[in-house]
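With chain A fixed as given, assemble chain B onto it according to the hints.
There are 2 protein chains.
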Amino acid sequence: MSFQLIHTDPDSNARRGRLTTRHGNIETPVFMPVGTQGTVKGVHPDELRTLRAQIILGNTYHLFLRPGLDVIGHFGGLHSFMKWDGPILTDSGGFQVFSLAKLRKITEEGVWFNNHIDGSPCFLSPESAMQIQADFGSDIAMVLDECPPYPCDLEYASSSLDRTLRWADRCRTWVAKQSRQPPLAFGIVQGATYPELRETSARELVRMDFDGYAIGGVSVGEPETEMMQAIESSEPFLPAEKPRYAMGLGTPPQIVEMVARGIDMFDCVLPTRLARNGTAFTETGTMNLKNNPYRLDPRPIEEGCACDTCQTFTRGYIRHLIKAEEILGLRLITIHNLHFYLNLMQRIRDAIAAGTFGQFREKFVAGYVKYEGDRIQETGDGR
Amino acid sequence: MSFQLIHTDPDSNARRGRLTTRHGNIETPVFMPVGTQGTVKGVHPDELRTLRAQIILGNTYHLFLRPGLDVIGHFGGLHSFMKWDGPILTDSGGFQVFSLAKLRKITEEGVWFNNHIDGSPCFLSPESAMQIQADFGSDIAMVLDECPPYPCDLEYASSSLDRTLRWADRCRTWVAKQSRQPPLAFGIVQGATYPELRETSARELVRMDFDGYAIGGVSVGEPETEMMQAIESSEPFLPAEKPRYAMGLGTPPQIVEMVARGIDMFDCVLPTRLARNGTAFTETGTMNLKNNPYRLDPRPIEEGCACDTCQTFTRGYIRHLIKAEEILGLRLITIHNLHFYLNLMQRIRDAIAAGTFGQFREKFVAGYVKYEGDRIQETGDGR
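Chains as they are written, first to last, in this note's numbering: chain A, 66 to 448; chain B, 66 to 448.
Each computed EDC-like pair below joins lysine to aspartate or glutamate, with the alpha-carbon atoms no more than 20 Å apart: (1) B:Lys435 to B:Glu348; (2) A:Lys355 to A:Glu367; (3) A:Lys167 to A:Asp183; (4) A:Lys148 to B:Asp362; (5) B:Lys388 to B:Asp362; (6) B:Lys148 to A:Glu390; (7) B:Lys148 to A:Asp362; (8) A:Lys148 to B:Asp373; (9) B:Lys388 to A:Asp183; (10) A:Lys355 to B:Asp135; (11) B:Lys355 to B:Glu368; (12) A:Lys242 to A:Glu192; (13) B:Lys355 to A:Asp183; (14) A:Lys242 to A:Asp276; (15) A:Lys355 to B:Asp183.
Honestly, the hints are just simulated from the structure, not real lab data.
With the rest of the complex left out, here is chain A (with noise of 0.2 Å):
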């Protein structure tokens, strides 16, 4: 078993679990800091370690784009090309192929495109979506499936989600007939915003047996409720023994509000791409440093923060290097915002093992309000 169940939370689907890959533990709830290009933008590997990132993501059309899978293969795969030893979960390419890529055509084989980088066509299959992560040396390698936009009418999202099962049995199949260790498979949840769309999608997969779930098709626009919607009607269908993972969510609130729905796994851009907007997380919400009010501030970003950006520097001083358009700024953001999701993360997982999600979940949520931040959404290119 891949997966130990460690603690459940009495008042809510919380869990407290270990996901177990070739490159190292996981320690669940877990929030996955984006590498798209084969790099967490900005941040370079030891501080990753600093920050105690547990695993990181890749981005499998990015990187199938460039550099390619001839130089990934030569340097040893993609732990070894980017001097990463912790896990790495790939994603299909599927999302980017339907939000970044120019679509030609979707058929019962796969998809055909013309990539964003020259326009070249391009095809993914199934098959071919899991050989790449496998040939990248992924250890938790997503299925093909296709994303449906939204909104997304009822008939277009069903029979988009009938191809998109018809895929995940493909990739299951490709896995059982592996002679060499495959990564760890991952059904995606899709459905839309259609409640019995997602129960069925949730069912089927979990009778295909794969090693995780995920919940795709979210953080696509949608509003929050339907976000949550989308979490709450696909979760009952999942074996409590398996590990859960909300694709490309959230917000801080968001996200203690999914690990109360049952969730176990997140990525999201948020805390990388608002830093290069000069945006900071905070326990309160967000702060824009830009801010005229910082100009003088001596304070660090957060009081009491532990990370090093806030040992060492001032408000003031971080606003300076974002109006200057100083790259140090967006890094030193960087820094401090991925210490504050994966010490969120670290907060979350101390609760559920003292039974006291319940109080933190309430607090936390209640204590987030204020917004000097940018719009979020996710647009699949990794920024």
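For chain B alone, kept in the frame of chain A given last:
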């Protein structure tokens, strides 16, 4: 005495010295990384310490405009603002006023200009330039000078030099009047490409008795022979017991050659600027890591290099980062390039002390031949 001469080379004018400042001793010959806007671009102060940078440069013009003297003063000076506790040399802003700003009028009193950020009118006098640098908490302040363009006719160069000398005298007077300990003050030898003007400039500045002497108006687009000529026609008139600083220079072999001509201090944007373009310095010349042959190259930038980048990452991975426009790429090359420059100075100091500088110079300059980088010219924007 703030400067101590430790060794002199028997075969050239090279010197091994030690400059004492309020923030520590500087072993010369020394290279000063450029921190134009209160940060060495992309580099954390901890990394500067790991690289054993002894002193960094700050730009008065940029910092005066943004974040402004009130902000830097509020934070207790530039050292405290940027969390760098080693020595800082600041330029006077003269060079930037003439290269970046929209010049309005040069008068005997000072220079009127519109700054390049918001176009608002500004004024800088010899006294205000010194006062600003003192308020920054600079360890070494440069006098305000006019930096004439290249080429420049004798008549203009001569009248410009006369005014620059009168301005230098006012800076010296300003220093003498201070009750609190002022920064060390360096005069700047001007005189364009005219040896007789360079001699006059040097002799007059020495008569005023500064703590050190810079050679300015070099690296402004002139051929290398004229650059060396400017050094050679200034140096003989500078006292042995004071440090000499070649402003804005140069490539690695130029630095070795200028050390041989008696120069003790250097600053240059090349290691940081070329890094951002994907170009690295090596023992045999520059290397543009964007180039295709590095795609599958498993070697570090330079074999045997002790920098963190070369100890960890391959050329192939760094090439990928640069091609994918990932900022970790420029960060890794910046670290390597600064290490290269700082290590070159260490080797120069060791060679002078060991009496082997002549051999070192010959071997290094002959071996530095490959050129894959960009053309090199100082523009004053610190980039």
